[in-house]
Structures are given as C-alpha cells and as structure tokens.
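> These are the residues of each chain, in order.
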Amino acid sequence: MNKMTITTPILSALLLCTVTLFSSLTYAHHVLGRPSYSLNEDSNTPPSMAIETQIGEYFVTYMVFPAFPKPNEPGRVNIYATRIDNGAMLDQAITFTVRDDTFWGESIGGATEPEVIGQQHIDDGVYRQGFLFKSRGSYIIRAYFEKNGEPYELDFPLQVGAASPVGPIGAAVGFIFFLLLMINIVQRKRIARTKIQQGHTA
Amino acid sequence: MIMTHPGLPLYWAYAIGMMMLLLGGLTMALKPAKHSTSRTISLAKLPLLGGLFRFLVKYTWPLLLLKVVFSALFITVITAGLWGTPIVERNLATTLTWNLWWTGIIIAIVFSGSAWCAVCPWDNIASWLVNHSIWRRSNSNSRLQLKLPNSLRSLWPASLLFIGFTWLELGIGIVASPYATAMLALLMLILATTTLALFEDKAFCRYICPVGRTVGAYSQLSPIALRPIDSEICRKCKTLECFHGSDNIAPCPTKIVMGRLQENTYCTSCGNCTQSCPSSNVSWQLRSPSSEAIKEAKPHLDEAFFLLILLSLTLFHGLTMLDYWEGYLSTMAQMINDSGQLIISFSIGLAVTLMLPIFIYCLALGLTQGLLKKHLKELVTTPSFSKLFSGFSFVSLPLAFSYHIAHNLTHFVRESSDWISLLANPLGTGAEPLSMMEKHMRHMEMMVSENTLFVMQGAVIAMGFIIAMLVIRHRGQRLFAAQGIALLPMILFAALVTGFNLWMLVQPMTMRM
Numbered sequence: 053m054n055k056m057t058i059t060t061p062i063l064s065a066l067l068l069c070t071v072t073l074f075s076s077l078t079y080a081h082h083v084l085g086r087p088s089y090s091l092n093e094d095s096n097t098p099p100s101m102a103i104e105t106q107i108g109e110y111f112v113t114y115m116v117f118p119a120f121p122k123p124n125e126p127g128r129v130n131i132y133a134t135r136i137d138n139g140a141m142l143d144q145a146i147t148f149t150v151r152d153d154t155f156w157g158e159s160i161g162g163a164t165e166p167e168v169i170g171q172q173h174i175d176d177g178v179y180r181q182g183f184l185f186k187s188r189g190s191y192i193i194r195a196y197f198e199k200n201g202e203p204y205e206l207d208f209p210l211q212v213g214a215a216s217p218v219g220p221i222g223a224a225v226g227f228i229f230f231l232l233l234m235i236n237i238v239q240r241k242r243i244a245r246t247k248i249q250q251g252h253t254a
Numbered sequence: 012m013i014m015t016h017p018g019l020p021l022y023w024a025y026a027i028g029m030m031m032l033l034l035g036g037l038t039m040a041l042k043p044a045k046h047s048t049s050r051t052i053s054l055a056k057l058p059l060l061g062g063l064f065r066f067l068v069k070y071t072w073p074l075l076l077l078k079v080v081f082s083a084l085f086i087t088v089i090t091a092g093l094w095g096t097p098i099v100e101r102n103l104a105t106t107l108t109w110n111l112w113w114t115g116i117i118i119a120i121v122f123s124g125s126a127w128c129a130v131c132p133w134d135n136i137a138s139w140l141v142n143h144s145i146w147r148r149s150n151s152n153s154r155l156q157l158k159l160p161n162s163l164r165s166l167w168p169a170s171l172l173f174i175g176f177t178w179l180e181l182g183i184g185i186v187a188s189p190y191a192t193a194m195l196a197l198l199m200l201i202l203a204t205t206t207l208a209l210f211e212d213k214a215f216c217r218y219i220c221p222v223g224r225t226v227g228a229y230s231q232l233s234p235i236a237l238r239p240i241d242s243e244i245c246r247k248c249k250t251l252e253c254f255h256g257s258d259n260i261a262p263c264p265t266k267i268v269m270g271r272l273q274e275n276t277y278c279t280s281c282g283n284c285t286q287s288c289p290s291s292n293v294s295w296q297l298r299s300p301s302s303e304a305i306k307e308a309k310p311h312l313d314e315a316f317f318l319l320i321l322l323s324l325t326l327f328h329g330l331t332m333l334d335y336w337e338g339y340l341s342t343m344a345q346m347i348n349d350s351g352q353l354i355i356s357f358s359i360g361l362a363v364t365l366m367l368p369i370f371i372y373c374l375a376l377g378l379t380q381g382l383l384k385k386h387l388k389e390l391v392t393t394p395s396f397s398k399l400f401s402g403f404s405f406v407s408l409p410l411a412f413s414y415h416i417a418h419n420l421t422h423f424v425r426e427s428s429d430w431i432s433l434l435a436n437p438l439g440t441g442a443e444p445l446s447m448m449e450k451h452m453r454h455m456e457m458m459v460s461e462n463t464l465f466v467m468q469g470a471v472i473a474m475g476f477i478i479a480m481l482v483i484r485h486r487g488q489r490l491f492a493a494q495g496i497a498l499l500p501m502i503l504f505a506a507l508v509t510g511f512n513l514w515m516l517v518q519p520m521t522m523r524m
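Here the protein sequences come in this chain order: G and C. Per our numbering, the first sequence runs over residues 53 to 254. Per our numbering, the second sequence runs over residues 12 to 524.
FYI, nobody ran anything at the bench for these hints, they're computed from the structure. Any given hint could turn out to be false.
The list that follows gives simulated cross-link-like pairs (lysine-lysine, BS3-like), each with its CA atoms no further than 27 Å apart [said to hold, decoys possible]:
hint, chain 1, residue 1, chain 2, residue 2
1, C, K398, C, K384
2, G, K247, C, K384
3, C, K158, G, K241
Simulated DEER-style distance windows between Cβ atoms [to be verified]:
hint, chain 1, residue 1, chain 2, residue 2, range
4, C, V79, G, D207, 38 to 44 Å
5, C, P97, G, T60, 55 to 61 Å
6, G, P209, C, R164, 21 to 27 Å
7, C, A362, G, G201, 43 to 49 Å
8, C, P20, G, I136, 39 to 45 Å
9, C, F122, G, P209, 42 to 48 Å
10, C, M447, G, D207, 18 to 24 Å
Backbone N, C-alpha and C define an ideal beta-carbon position, used for all residues, glycine too.
Chain G extracted, bound-state conformation (with noise of 0.2 Å):
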C-alpha cells in the first residue's frame, strides 16, 4: 500500500507532463469561443494576419483574413483607424485597391494597373473590404484615403496560393547544372570524334 502512495504520484506527474506536451502539439479547437470550422471571412474573430502602424495622424489596424488565402477563396480586409491625440476613429471613405507585388511588374510596368476592389464606409467603427483572388501570386493591397487634404496610403503584402516552389536560386542553379551537363555531353562527343578520326587517319 505505502509503496503504491509513492509511485502513484510520479506516475500522474509523468502522465500529466506527457498529456500537456502533447496536448501543446493539437490545433486550437475554439478561438475565442467559437468553434473554428464556423469561422470565415465575415466573423468578427478570425484568424488572420494583423499589424499596427501609425501614419500621419492616425493609428491604424490593418487585418486580412485568412493570412494565407488560396485562390477563389473569399477573404477580407478590416481597417481600424483612430486619431493618434484624441482617439477620434475616421470616419472616411476608403478606396482598395490591388496590383501586382512582382519587382520588376511593379517597377517595369509588366504588371497590369492597380485594380479597384472597392469603397467602403465605416461600419460599427470597421472599414470592411472583400476580395477573392483568382490567380495565385504576390500581391500589395492598398487602402486610399484623404484627410484634411492628406493622401494616406497603406499597402499591405498578400500571397495568395503558395509561392513559387522554383525560387531564384532553384532557377539559377538549375540552369547552371543544364547547362554545364550539356557542354560535358558535348565536349565527350567531341573527344570521342576526334578519337575515331585520329584512329582513321592512322
């Protein structure tokens, strides 16, 4: 009996440390107390991708749901903006715009011009802006509006759909490799020429 009082707890701290570990491990069921597989783009507590900046005058909170969306899948972005000295929120249209976040489209001109995606008003204090990509790529969301005569531009990275798998370097040491591989096949042929001409000729 004693010596089952002294393993028993060891045990149970061992099983405890073991269900915690890996119950670390297992995805959120819930956020905030919803259920996930309720959440999209219209909750008011999606997982999301956020960042805080302070432009001009304002504060603002720049969110998009989902933070990686694929294409054809609905997503939105939330903005937030209160004024840095008083707390004021803005209440101003705010036009979304999206073009193509490629350098050299973007530098260039390769890429298509910046496509409006919508106004929006304020609505219970959030500026609301749907969108469904297409396509997978990089690309800049861009929220537009003027204040006391101001032009304030907040631009926002999105990926949608996984990147390129082949990278820059991929390509580069792909094309490295082709090409010395094939300079290798032909200078074998070349020897092996020249061999069967100098057998010929002696």
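Given chain G's structure and the hints, the job is docking chain C onto it.
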C-alpha cells in the same frame, strides 16, 4: 524626409577655377613635350616591405584565401537579399553592395589598381564551377572554347551593360530593394558562368563585365600596377609563361604579355603572371598616376566611346542626387504625361545626359580639326575626325575618375553603416527601420572631419584637371602635331566638364540610405 549632405565650400571652386585658367594657359604656351618616361618603384625591391610583396605575389594561397572570403560574402549577399528583411538599411545585401562595394571600389582603385578583378566573386565562382578546380590550371573538357562572335569583340557589350546598370540602379531603384540586388548578383553570376563555359579565354572579363572594364579604365590612372621588376629579363624571355601559363598556372585570361604591357586597361591583376614567371620578375609597381596619360597609344573606337560613356554616366550619377533632379523629373513628367515611377522621364534624362557630353566633345574635336587645318596647312595631312575622336578620348578618363572619386567620397565618408550589427545579423531578422534620430546620428558621425573631406575632394578634382591637361598636351602634340591655340577647344572641353563637376560638388547631395 529626404536628407542631404552639404556641398563643397564655394572658395574651393574659385581656387580650382583659378588653377584651371593658369594650367590651360600653360598647356597652350609650353613648347612640345619631349618623350619622357616617368620614374617607377618596384614594391618588391623596397627594403622592408619588399619581402612581403614578393611573398604575396609568389604564393597561391593568400590570393585564394581572399577569393574564398569575397565569394563567401557574395553568397551571403544573395542569401540576405532573397530571404532577409526588405528594410534596405538593415539588410546586408543592399548595404554591402551599394554603400560599401559600389562606392568603395572606385576609391580602392587609387590604392590597388585593378586588384578587385583578382578577387571578383562573379568570375571566381564561375571558374570553380566550370573548371572543376580551385586554383590549378584546368585540363578538363568542361568548356566549349568557342570563339566569341566578332560582333561581341568590343567594349560595346560592357558599355550597354553599364548603361543598363545605371538605369536599374537610379531609375528602377534596385538600390532600395535587397531582393532585386540579389537577383542582379545572381544574373551576373549566370552571365559569367555561361560565358566562361561557352567561350575561350575570359570573354566575360575582357568584353562584357561593366565593372571590370570600369576598373580597367580607371586603373590606367592608378599609381599602382603589376609590371615587370626588370624589363631586361622580359626582353630576353622566349617562353612567355605570363602569356601561355605553366603546368599548374593558367595563361593570362586577357592575353597580355607582361614584357610588352603598356596600358592597364585589360590587366585583371589575377596573379597568373606573377606565379608562372620562372624568374619571379612580375610584381606591384608604384608609378606616377599620369604615366599612362602621357603615352601615345590611341584607344579603338569602342574603347574611346566607353571612356566617354563612363564620363557621361558619372556626371549622370551626380545629377540624379541633386535637388534639381526631382524638379526636372516632375516637369518632364508633366510634359509627356508620365506617371507612377516616372521611368520614361528618367530614361529621357539618362539618354540626354549620355549624349550631351559626347556631343560637346565632338564639337570641341570639330573646332580642333578646323584649327589644325588652318595651322598645319599643307605641311602635314589633317587628321581625320575618327582619329581625333579616339586620340583625345583619354582626356575624359581623368575628368570622370576625379569626379567619381569626389562624389563617392561623400557617400563613403558620410554614410557609414553599423557594420558590426549588419554582419551579426546579415538578414536583418527582427530589425526595425532606422529612426530619425539614428539617421541624424549617421549623418553627423563622419569617418573623417568635414574639412578633411573637402580637402580630399578639392585635391582630387584639381588632380583630374592636371592629368587632363597632360593628356591634351602630350597626345595632342605627339599624335596630331597640335600645339598652341589648336589645343584650346580641348582645354575648354576639360574646363567645362571640371567646372560642371565643381558646380555639382558645391550643391547639397541627397543621402543614399
């Protein structure tokens, strides 16, 4: 908020202006220069340092070690550019490439000639990949050794790439993008590897690389160069290991015979000649910066154009960092209805700045030709315009080099980065952008005092004009029998360029990052 650096005090401009007047007059008044050879000092023969220089050039491993270090840095730049923070001033890719290397490489030419090419990671990594050998002469058949097409056997590829670099740097703004900086580095590596794998010798270094050709051109004015220690040994040499290489050492990549080397343009300081010479007769030499300026060699037309393009692009770099530039871009954009990044307006500005100095140079040559016709009369045939064009083109080199150094000195001295933090965290993980206070601190913390910087800038500009006058006097008299008033148009050209350079230096200059 755009921050600017204060310009050179006006009294420097007046002082150099006075010197220009005096020197211009002297250049016309002095009698034809006699053929003279400038004095040289072989560093291998110096009492204390000589042993060190002999050791450095004789053995392979010190240079190999440097090659490995620079290649490792290059790979770090690519890694940081592709996967590091987009915050320009916190990413090693942008800071190391544009703040240190791109600025420092020009200043380094003064102290080390074309030594950069010896440790250049583009060529070294390409050589390791293609030759399958770290340093020994490769006997592998991994290269096709094709002849480079005749159309590419000139400096036009390098000239066009240099213009492209400038467009990307100042127009597209790769300076402000770590990712684009890494992409450019990768692109150059692919270009170097492809050229080495396909063509014979080092066609990339000789004809294509804009950095190598710029270093080569400027190194003609460097007070240090690789040369024979005893020219008599070279004269008697029949085996020419410097040209053909030895069992272990590869031949000269740009086909130079050391004993006949007159101009530094194509020497890449690779060290093959120093290691293959059986008499150990090649080493670094100190010489006058004007020693090549007073030579009589005429560049080919493509080389002459390269020198003039170098001058134009150097001026353009300066122009884009002045306050006036923004105003020009805005006006041009309104005229042609350009919007966004104003890339069309920028390109027009680049094209005009490229052509204007060449046009003024041609105008000066036209006047020189007219004056020569009048003065030489029937005694000697008047030189053709193309001969004058290439013969006098060297005059643009000291003017470009002096302004390039003076301009870069401002960047180098005033825009230091926190290198310890950058090397400790090259990808800038978790780093915040520079605060205004940090920017101001960097602005105030200079590498040397402001007055020292002004003295260096003034001296460099004055030196550039002095060498330009030597070029005009020596080459004008020896190549075209031009003297006195016939030299006036070229003197005015050099004075105009130097005056413009001084004007740009006097203006406040935009801080890079």
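> Against each hint, give a clear statement of whether it holds in the structure.
Evaluated hints:
{"no.": "1", "hint": "C/K398 to C/K384", "verdict": "holds (14 Å)"}
{"no.": "2", "hint": "G/K247 to C/K384", "verdict": "violated (64 Å)"}
{"no.": "3", "hint": "C/K158 to G/K241", "verdict": "holds (19 Å)"}
{"no.": "4", "hint": "C/V79 to G/D207: 38 to 44 Å", "verdict": "holds (41 Å)"}
{"no.": "5", "hint": "C/P97 to G/T60: 55 to 61 Å", "verdict": "holds (57 Å)"}
{"no.": "6", "hint": "G/P209 to C/R164: 21 to 27 Å", "verdict": "violated (45 Å)"}
{"no.": "7", "hint": "C/A362 to G/G201: 43 to 49 Å", "verdict": "violated (37 Å)"}
{"no.": "8", "hint": "C/P20 to G/I136: 39 to 45 Å", "verdict": "holds (42 Å)"}
{"no.": "9", "hint": "C/F122 to G/P209: 42 to 48 Å", "verdict": "holds (43 Å)"}
{"no.": "10", "hint": "C/M447 to G/D207: 18 to 24 Å", "verdict": "holds (21 Å)"}
When held up to the earlier numbered hints, the structure conflicts with 2, 6, 7 and fits the remainder.
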